[in-house]
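Just so you know, the protein sequences line up as chains A and B, in that order.
The numbers in my numbering rise by one with no breaks, and the one at position 402 of the first sequence is 452.
The numbers in my numbering rise by one with no breaks, and the one at position 229 of the second sequence is 852.
Some clues are possibly wrong.
Here are the computed lysine to aspartate or glutamate pairs in the EDC-like style, where the Cα-Cα straight-line distance is at most 16 Å [stated by the list, open to error]:
| # | chain 1 | residue 1 | chain 2 | residue 2 |
| --- | --- | --- | --- | --- |
| 1 | B | Lys895 | A | Glu401 |
| 2 | A | Lys521 | B | Glu799 |
| 3 | A | Lys543 | B | Glu1065 |
| 4 | A | Lys58 | B | Glu1075 |
| 5 | B | Lys830 | B | Glu707 |
| 6 | A | Lys165 | A | Glu190 |
| 7 | A | Lys153 | B | Asp978 |
| 8 | B | Lys1076 | B | Glu1048 |
| 9 | B | Lys977 | A | Asp554 |
| 10 | A | Lys58 | B | Asp658 |
| 11 | B | Lys895 | A | Asp443 |
| 12 | A | Lys142 | B | Glu746 |
| 13 | A | Lys58 | B | Asp674 |
| 14 | A | Lys521 | B | Glu1033 |
| 15 | B | Lys1070 | A | Asp554 |
| 16 | B | Lys977 | B | Asp991 |
| 17 | B | Lys1004 | A | Glu190 |
| 18 | B | Lys1076 | B | Asp1056 |
| 19 | B | Lys1076 | B | Asp1052 |
| 20 | B | Lys1070 | A | Asp556 |
| 21 | B | Lys830 | B | Glu799 |
| 22 | B | Lys1076 | B | Asp991 |
| 23 | B | Lys630 | B | Asp658 |
| 24 | A | Lys153 | B | Glu670 |
| 25 | A | Lys324 | B | Asp978 |
| 26 | A | Lys58 | B | Glu670 |
| 27 | A | Lys142 | A | Asp159 |
| 28 | B | Lys1023 | A | Asp526 |
| 29 | B | Lys977 | A | Asp553 |
| 30 | B | Lys630 | B | Glu660 |
| 31 | B | Lys1070 | A | Asp553 |
| 32 | A | Lys543 | A | Asp556 |
Label pairs and their computed distance ranges (CB to CB) [stated by the list, open to error]:
| # | chain 1 | residue 1 | chain 2 | residue 2 | range |
| --- | --- | --- | --- | --- | --- |
| 33 | B | Ser1027 | A | Glu465 | 14 to 24 Å |
| 34 | A | Glu632 | B | Glu1017 | 23 to 33 Å |
| 35 | A | Leu621 | B | Glu1048 | 35 to 45 Å |
No wet-lab data here; the hints were simulated from the structure.
All figures in this text were calculated on a predicted structure; none of them were measured in a lab.
Ideal placement from N, C-alpha and C gives every residue a C-beta, glycine not left out.
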Amino acid sequence: MIEGRIVKINGPIIQAEGMGACGLYDVVEAGERRLIGEIIRLNRNLATIQIYEDNTGMRVGERILSEGRPLSVRVGPGLMGRIYDGIQRPLKDLYAMSGTGLKPGVKSDALEQGKTWDFVADADEGSLIRAGSLLGHVRETERLDHKVLVPPSFAGEERLVWTAPAGSYTVDEVVARGEKGSQFSMSHIWPVRKPRPFIRKLGMTEPLLTGQRVIDIFFPISKGGSAAIPGGFGTGKTMTQHALARWSDADIIVYIGCGERGNEMTDVLREFPKVVDPRTGRSIMERTILIANTSNMPVAAREVSIYTGVTLAEYYRDMGYHVAIMADSTSRWAEALRELSGRLEEMPAEEGFPAYLPTRLAEFYERGGRVSTLGGDTGSISIIGAVSPPGGDFSEPVTQHTKRFIRCFWALDRELADARHYPAISWIDSYSEYAEELRDWWQHINPDWLEVRTQALDLLKREERLAQIVKLIGPDALPDNQRLVLLCADMIKNGFLQQNAYDDIDMYSVPEKQVLILRLIMTFYRRSLEIIQAGAPLVRIRSLESVERISRVKSRIPNDRLEEFRDVEALLEGELGKLKKEYSA
Amino acid sequence: MRGLEFKGLNTVSGPIIILRRKENVGFGEIVTIRDREGAEKTGRVIELSDDYAAIQVYGPTTGLSTDETSVEFLEKPLELVVSEDMLGRVYDGLGRPMDGFSPPFSSTFLDINGDPINPYAREYPRDFIQTGISAIDGMNTLIRGQKLPIFSGSGLPHNRLAAQIIRQAKIRGQDESFVMVFAAMGVKYDVARFFIDTFEEGGVLSKVAMFLSLADSPSIERLITPRCALTAAEYLAFSLGKHVLVVLTDMTNYCEALREVSSIRGEIPSRKGYPGYLYSDLASLYERAGKVSGGQGSITQIPILTMPNDDISHPIPDLTGYITEGQIVLSRELFQKGIYPPVAGLPSLSRLMKDGIGPGMTREDHKDLSSQLFAAYSRAKSVRNLVAIIGEEELSPLDKSYLSFGDVFEKKFLSQGEMEDRTIEETLDRGWDSLSVLPRDELYRIKTELIEKYMPMTEN
Chain A
51 MIEGRIVKIN
61 GPIIQAEGMG
71 ACGLYDVVEA
81 GERRLIGEII
91 RLNRNLATIQ
101 IYEDNTGMRV
111 GERILSEGRP
121 LSVRVGPGLM
131 GRIYDGIQRP
141 LKDLYAMSGT
151 GLKPGVKSDA
161 LEQGKTWDFV
171 ADADEGSLIR
181 AGSLLGHVRE
191 TERLDHKVLV
201 PPSFAGEERL
211 VWTAPAGSYT
221 VDEVVARGEK
231 GSQFSMSHIW
241 PVRKPRPFIR
251 KLGMTEPLLT
261 GQRVIDIFFP
271 ISKGGSAAIP
281 GGFGTGKTMT
291 QHALARWSDA
301 DIIVYIGCGE
311 RGNEMTDVLR
321 EFPKVVDPRT
331 GRSIMERTIL
341 IANTSNMPVA
351 AREVSIYTGV
361 TLAEYYRDMG
371 YHVAIMADST
381 SRWAEALREL
391 SGRLEEMPAE
401 EGFPAYLPTR
411 LAEFYERGGR
421 VSTLGGDTGS
431 ISIIGAVSPP
441 GGDFSEPVTQ
451 HTKRFIRCFW
461 ALDRELADAR
471 HYPAISWIDS
481 YSEYAEELRD
491 WWQHINPDWL
501 EVRTQALDLL
511 KREERLAQIV
521 KLIGPDALPD
531 NQRLVLLCAD
541 MIKNGFLQQN
551 AYDDIDMYSV
561 PEKQVLILRL
571 IMTFYRRSLE
581 IIQAGAPLVR
591 IRSLESVERI
601 SRVKSRIPND
611 RLEEFRDVEA
621 LLEGELGKLK
631 KEYSA
Chain B
624 MRGLEFKGLN
634 TVSGPIIILR
644 RKENVGFGEI
654 VTIRDREGAE
664 KTGRVIELSD
674 DYAAIQVYGP
684 TTGLSTDETS
694 VEFLEKPLEL
704 VVSEDMLGRV
714 YDGLGRPMDG
724 FSPPFSSTFL
734 DINGDPINPY
744 AREYPRDFIQ
754 TGISAIDGMN
764 TLIRGQKLPI
774 FSGSGLPHNR
784 LAAQIIRQAK
794 IRGQDESFVM
804 VFAAMGVKYD
814 VARFFIDTFE
824 EGGVLSKVAM
834 FLSLADSPSI
844 ERLITPRCAL
854 TAAEYLAFSL
864 GKHVLVVLTD
874 MTNYCEALRE
884 VSSIRGEIPS
894 RKGYPGYLYS
904 DLASLYERAG
914 KVSGGQGSIT
924 QIPILTMPND
934 DISHPIPDLT
944 GYITEGQIVL
954 SRELFQKGIY
964 PPVAGLPSLS
974 RLMKDGIGPG
984 MTREDHKDLS
994 SQLFAAYSRA
1004 KSVRNLVAII
1014 GEEELSPLDK
1024 SYLSFGDVFE
1034 KKFLSQGEME
1044 DRTIEETLDR
1054 GWDSLSVLPR
1064 DELYRIKTEL
1074 IEKYMPMTEN
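If we strip away everything but chain B, and leave its shape as in the complex, we get (with noise of 0.2 Å):
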């Protein structure tokens, strides 16, 4: 396939190149960029007027002269040969092979950017994941069709805990299992072989299809990496009928190559720089999840971020929140007092926990346990709180107890091994267990028929 190919630039500035265009191309178009060397790297249209083309290069522009470049038009969009034999390859960032095979035969090419799912088409997800991980299931329940993010910081154990997540996700009573998608966006290569090895470990890798764009790619490769991810998840899903869990990480590069790009190109800077379409441009890849109707696939994202000096207002946990069903937040005290998985109870949530717990589902309890739960936690922390001013001696029983409370729950519920896969009975029975060193009366958010059913004989 040959398009119209140019000779010479009139502007190369970082990543985007300028050229001075005789003929008709389209907006958002591919082109390819052969150097004086006659290495080809890739770009796209982003702006065009009436004789002029900017072109974004996904790439380095290093060495690019202005006089012995071409250019040649490809008169399509970006896009990703989609088949089954995907899965077990090993792609770019820029969606080409390399693990040294060709690309899988087939004949449908699909455009990375995808269509937006119309809202009508959308079939509400309210299948229940059991992760094995009682902080997860208990009180914040991933559902399939979910876009759930984990916001961490450095040094929080954010892969251990995806990884745990990808062994252990199963649809209770179904065998069928998932398959995955795992995109890594600018993360170090160690990073990629940690999910290299768990997917080998678990005897997964023939149904891992991933797309990694290392800590040295050029960084605006990163832009293109989730949506090549993407795209290959929605065939799977929509066109094959196989639930596909997406793991993209990390979503704080890819912002990063986002603000670099808005920033070269000049553009009115929102907060901390970041363009001010960051909020539509995250959106137009998480959207990219869920279930539709009449299919029976579906895409679980589980998008990892790290939260620069953890902190969770910064503008891109902030406009992610704002996007996903919830968020998986990791909080550094607890992982300083040595729990794992240190999900942060407060912060956490689960959107689509409500439709997709309950009898049927899980448990009749879940609902009003979980409620209970937060509730207990949220005030045991502020007892915490007193207990740094006054001292322990001065809390009245009560308060007392639900300092009690916290501990036990962080020991017993929040608290669980790597390896350790929790049934979801088993989850709610520990949280039952701490809400015990409670006063019954204190349980104002459960029914008194699941009281007198759950609860177990104490002393207490």
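With the rest of the complex left out, here is chain A (with noise of 0.2 Å):
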């Protein structure tokens, strides 16, 4: 144990002489309290360190105590479906123990003491173990079983001796041993800023299924890619992000609150218990992990808050999963750089961010991607940061810096959130280089996908030019085929592309369900363009049947209902067909 004592304090950042002993990034107690803090900056003797809990009251002089170990978390069957704040302490302990406020020096496991868990072993006495092996298994929830793993940590290969025999076991106590003595239980931890080894980064084959036509259509996210959702207030971040944790097809969520609202955290601990996983039938929240530091809560504990969640995604993927992270927001998380920088007196960059943003920013989301697991599996980690940009400008350095490390940008566009037409997504600002990597997989899914995806972004181009037209001179003045246009892009936006989040149908969507709308849409505009070209006018065609099923479609057929389709089809095929043989008679 090394002891030093406080000798300045400033806000939440706070230097100590007498630890010369500590490393950088090392995790101290501080004061009477003994709240947790995290050593920033090492010079001679003197430490500066970052306070993540409120130090009103700490004065100079108090002492101050490290164990020489960096920040960490604690890994290991439990931490599924619970709620922990920016450095790991488990929100409902703290409730229970010190009511609604949270209180400084308030200290909980991360992982619930004398549960017991039931153990299998899969690995054989005598078997050669090293680091990553399979030792046994957990079942942590109904559907998620939880392989525990030999840490990372673990050098060189060793000889199993021992076993325990199937049975419950709590995550402290030993369920292997080596020939050399090493021991191992169902837990470990791991130093947050660490990311966890693999062995190798693997290529992106299959699309993180989101539900959300806009995005698996239009802009698709593979499993292990990164993406950024950019807007100003009010344009639907955190609502995208909600339906992103509720509907991709991920085995593992993980949400970070992250200098962001209360009441949303509160909403998904209320909503998430609630909501089926379509695929597996049970309660989303059994395979969410939540983070939630809020703008009110410390705001040292929101920087690490990211490499908190991160941590502990890895952890999954190590088993070979597929996580995804929702960090909201990134722009948050920054802020606290920034306030934490200002305080350090260091030389600031571009609006008094540290120079060293970018490099953060790279940091964190190399931790995502696709790998091969040191224990032979392949896992992934897909991470989708929220931005908000001050006065939703997009030049800001966090939106400019996130866009150089992610490869989806997904921009929300405050005219469309304006007129309520969520996810408010733009097809012209938004794009996915993933687009071209997951061609494959989507042709063996549904052929279509890549035609009428083409057809349909070309459509909405067309109409973004005309748009301009219509401004100077209004829509009247084009010509019916070029009306036709505005038509087509009117259904898509309005029947494919907006989905309602709260409309049980709407919600959710499978693939083969966002293709069938999409090339309803782009049929229709075919057809009716030989019609309009055949000398009808667009009146006769605006007027259809057709042209309000097509747009209603959307929230009429459920995804278990496809073949219904068919009828809408023939109902364009009918009317259709009438009107040309009228006119090409």
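Starting from the two chains in their separate frames, assemble the complex, guided by the hints.
Written out as structure tokens, the structure is:
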């Protein structure tokens, strides 16, 4: 135990002497209330420390203690379904201990003490193990098989001499022993700022399906990919993040509420247990871990909450699972960096942010990816970071630097949000570099995907150009074939892109349904164009019943009754066929 | 209660004083400062090093000398005496009674900074508050426990709107009314007087606790005022189980005071000279709203802020909007058209609306109707832009119907009298009336059954 003395206090940044034996980023307990902090700068004997709790009342001269190890999280069975603060303190326990308000200095174990898990050994006695080897497994939730692996910090190889017989064990009990005396329990600790090792990174081949049409069809993300959702306030960043956390087909979700509203986390806590995962039939809370460091909680813990989240994600990735991280919002994290950097009196770069902002962002996003794990499985981490640009201006540093490290950009648009068109993902400013890589996958599921996608995007781009003209001279000055483009673009916007998160049918679309809707609209466009070229006026087409039917199909046909699309197709063929006959005669 | 006392200062610079200290003091501790005449001021320790302490003084530092000033450390954070008797009282910006009576008798002292509410302890707000104002109830519904600011500009009727909300706010089917906490930061005396008159006329003066730091008080006092008010509100709501409506005006003045102090402390500024922690600091106020599990009460916050130069991207409204659960934006354009309340249709938003409306709470058609009204009004706005270029005659019949929708919506739905208290049913019916101007197949966001049930019969 290293012991020092506080010599200077400036908000959450303090300085202490006598800490020369500590390493950078070692964790400390500061002052009488033993508040958790982290060493962020060392200068000979003098350590600069950021404190993760409110340190009002702290005095110069108080003691500071360190065990000489970096800030770490505890991993093992029992993480799933829980809500932690930025330094992995379980908020439910803190509530039981200190009530409504969060009091500084209150501590509780990250994994429930005394709780037992039914461990079944998978490794045989006498087998050779190394870091990442499978020791056994535990059923963590009804649908989640928690693999107990040899921790990545384990060096070399060793032969197992004993494994625990199947039975109930706590996370601290030894469940396996090696010939050289190594002992393994179901849990271990891991420093949050150190990425967990893997064998190699792999390419992306499979989409992270989200059930959100604008994403899956237009701007898809792969399992292991990284995406940013930038948008001014009220454009629906959090709503989009919630929808992704609910519906994406990841095995595990780590949701990091970083410097955002308290009620949003309450909303997740209240709603998620009720939402059933369409793939497993179980509550999605059983696959979700929440990290909540809301805007009014200490700012230093906000900075670290991102790392806590990604470390937990890596732990499950190592078991061969597909994990998705929602970080809401990375801008609040960057602001925490800025605030702490300011107190350290560092030279600021753009808009007061420290010069190392891009490095930190890169480090974070690079912890995502699809990898081959130490144990020989394939797992992935997809990172979806919300960005909150001041004034909704995307030229600010956090958005710009983030763009360098992500490959999927879902730009939220103020005008769409104002018209309550959600998700307000702009089809003009957004992009996804993963679309190419996912072509093969879609080709396999529904060969129409690429074709309708290209046609629809092209149509929307033409509409964008026409809209400029319409703004000047009004739509009536356009010829009918161009007005048809406007009509069909409206159908794509209202009948396909806009998705109602509160409509039981519309909230989630399976990939087949997504393609069917879009194909329907594109067929309508092609057939109508022929008829207009044959001389029919647009009014005739606009007043067809199919126009309204197609626009409403998204919320009429449920995912499990896709055959009903044939009725709409038949109606469309019938109506347009009749018109065609009339004019080609 | 007397603590350590020191005589003599090293530096006096604006509201910050620095002194050499021999004994130990705590970070964030409150001090009493006595000048050469013996007049007392309050201050707070904001930085400590081995020998020095920096103190932020909540009052004028004019006349403070380095030799003749004494500083007493009180060994506690700034606290407020709380009790039910706070209601009906008037306090100054630092939480001291200014109505000539002694502080309410109580043994409960609370740290004005409060503790951050554990997200696990929160209860999601979902009780609809009927304000009787169509623009709010219909389009941007206020929920009990919500923080919904009014973004205004100078000269716009934000105070009248806030007063109307205060007068009319009620939970339907419940007799229980709100108690109020009112905090004025740097506003003129007339504005404070306007609110006091409103409370008096409504006969609710005995249910209001007022914290006034007017324009002529030292600006730094404003950093304390909202914290005192919210501490009072938390006690009333979470300890006594009351439903509290908190009005904070004007948050812009609060932020200016924060910038002033930050610049004196020589901190690195971020946007427009405001400190980098403006977001965290505002959050420490706005997040003190809501409901907690196991408790009866709630805190509903209505902060008012004037957007400098009507610019919604200015750091103050911008960061506020990122923290609060929506915003009511007042529009100068509507105001100039003579529309009251001039609530801008499109940029206004209530994030908690989705869970507080619908069958059993307001009416089954509320969600679809409001969504359709937003979409149609947005279209009407773009048609208006078109008219400016090509003239009304050139419009298609559909665009013309949107144009008249825009006018009907503003006249029949948005506009109402200052004393007019509409029920939610009346508000929604007025919404349907406005939509009846449009062809039926334009109502693509409303379920057909609802259209049939609620659309008034017209020749259209």
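Right, here's what the structure says about each hint:
A hinted pair counts as satisfied when its Cα atoms are at most 16 Å apart, and Lys895/B with Glu401/A qualifies at roughly 10 Å. About 52 Å separates the Cα atoms of Lys521/A and Glu799/B, which puts this hinted pair outside 16 Å; it is violated. Distance restraint check for Lys543/A and Glu1065/B: the Cα-Cα separation of roughly 14 Å lies within the 16 Å cut-off, and the hinted pair is therefore satisfied. For the suggested pair Lys58/A and Glu1075/B, the alpha carbons sit about 71 Å apart, so the restraint of at most 16 Å is broken.
Taking the CA atoms of Lys830/B and Glu707/B, the gap is near 10 Å; set against the 16 Å cutoff, the hint holds. Simply put, Lys165/A and Glu190/A have alpha-carbon atoms about 12 Å apart, close enough for the 16 Å limit, and the pair holds. Restraint check: the Cα-Cα separation between Lys153/A and Asp978/B comes to about 31 Å, which exceeds 16 Å; the hinted pair is violated. Among the hinted pairs, Lys1076/B with Glu1048/B is consistent with the structure: their alpha-carbon atoms are about 14 Å apart, no more than 16 Å.
The hinted pair formed by Lys977/B and Asp554/A meets the criterion: a straight-line CA distance of about 14 Å does not exceed 16 Å. Proximity of Lys58/A to Asp658/B is assessed by CA-CA distance (about 27 Å); at most 16 Å being required, the pair is judged violated. With a C-alpha separation of about 15 Å, the suggested pair Lys895/B and Asp443/A falls inside the 16 Å cut-off, and the hint holds. For the hint linking Lys142/A to Glu746/B, the alpha-carbon distance of about 13 Å falls within 16 Å, and the restraint holds.
Between Lys58/A and Asp674/B the CA atoms are separated by roughly 9 Å; this keeps the pair inside 16 Å, and the hint holds. For the suggested pair Lys521/A and Glu1033/B, the alpha carbons sit about 23 Å apart, so the restraint of at most 16 Å is broken. Of the pairs offered as hints, the one joining Lys1070/B and Asp554/A holds, with about 13 Å between alpha carbons and a cut-off of 16 Å not exceeded. For the given pair, Lys977/B sits about 11 Å from Asp991/B by alpha-carbon distance, which is consistent with the 16 Å threshold.
Annotation: proposed proximity of Lys1004/B to Glu190/A is violated, straight-line Cα distance about 54 Å (limit 16 Å). Restraint check for Lys1076/B and Asp1056/B: satisfied, since their Cα atoms lie roughly 13 Å apart, inside the 16 Å limit. For the suggested pair Lys1076/B and Asp1052/B, the alpha carbons sit about 12 Å apart, so the restraint of at most 16 Å is met. This hinted pair checks out: Lys1070/B and Asp556/A have alpha carbons roughly 13 Å apart, not beyond 16 Å.
Our distance criterion of 16 Å between C-alpha atoms is met by Lys830/B and Glu799/B, whose separation comes to about 12 Å. The hinted pair formed by Lys1076/B and Asp991/B meets the criterion: a straight-line CA distance of about 13 Å does not exceed 16 Å. Our distance criterion of 16 Å between C-alpha atoms is met by Lys630/B and Asp658/B, whose separation comes to about 10 Å. Proximity of Lys153/A to Glu670/B is assessed by CA-CA distance (about 22 Å); at most 16 Å being required, the pair is judged violated.
As the CA atoms of Lys324/A and Asp978/B are separated by approximately 15 Å, the hinted pair is consistent with the 16 Å bound. Only pairs whose Cα atoms come within 16 Å are accepted, and Lys58/A paired with Glu670/B is accepted, the gap being roughly 8 Å. For the proposed pair Lys142/A and Asp159/A, the alpha carbon gap of about 11 Å is at most 16 Å, so the pair holds. A hinted pair counts as satisfied when its Cα atoms are at most 16 Å apart, and Lys1023/B with Asp526/A qualifies at roughly 12 Å.
A C-alpha spacing of about 12 Å is found between Lys977/B and Asp553/A, which places the hinted pair at or below 16 Å, so the restraint holds. Between the alpha carbons of Lys630/B and Glu660/B the distance comes to roughly 14 Å, so the proposed pair stays at or under 16 Å and holds. This hinted pair checks out: Lys1070/B and Asp553/A have alpha carbons roughly 11 Å apart, not beyond 16 Å. Between Lys543/A and Asp556/A, the direct Cα distance comes to roughly 14 Å. Compliance with the 16 Å bound is thereby established for this hinted pair.
In this structure, Ser1027/B and Glu465/A meet the distance hint of 14 to 24 Å, their C-beta atoms being roughly 23 Å apart. For Glu632/A and Glu1017/B, the Cβ-Cβ distance of about 30 Å falls inside the hinted range of 23 to 33 Å, so the restraint holds. In this structure the supplied range 35 to 45 Å holds for Leu621/A paired with Glu1048/B, their Cβ-Cβ distance being about 38 Å.
Violation of the numbered hints given earlier is confined to hints 2, 4, 7, 10, 14, 17 and 24; the remaining hints are satisfied by the structure.
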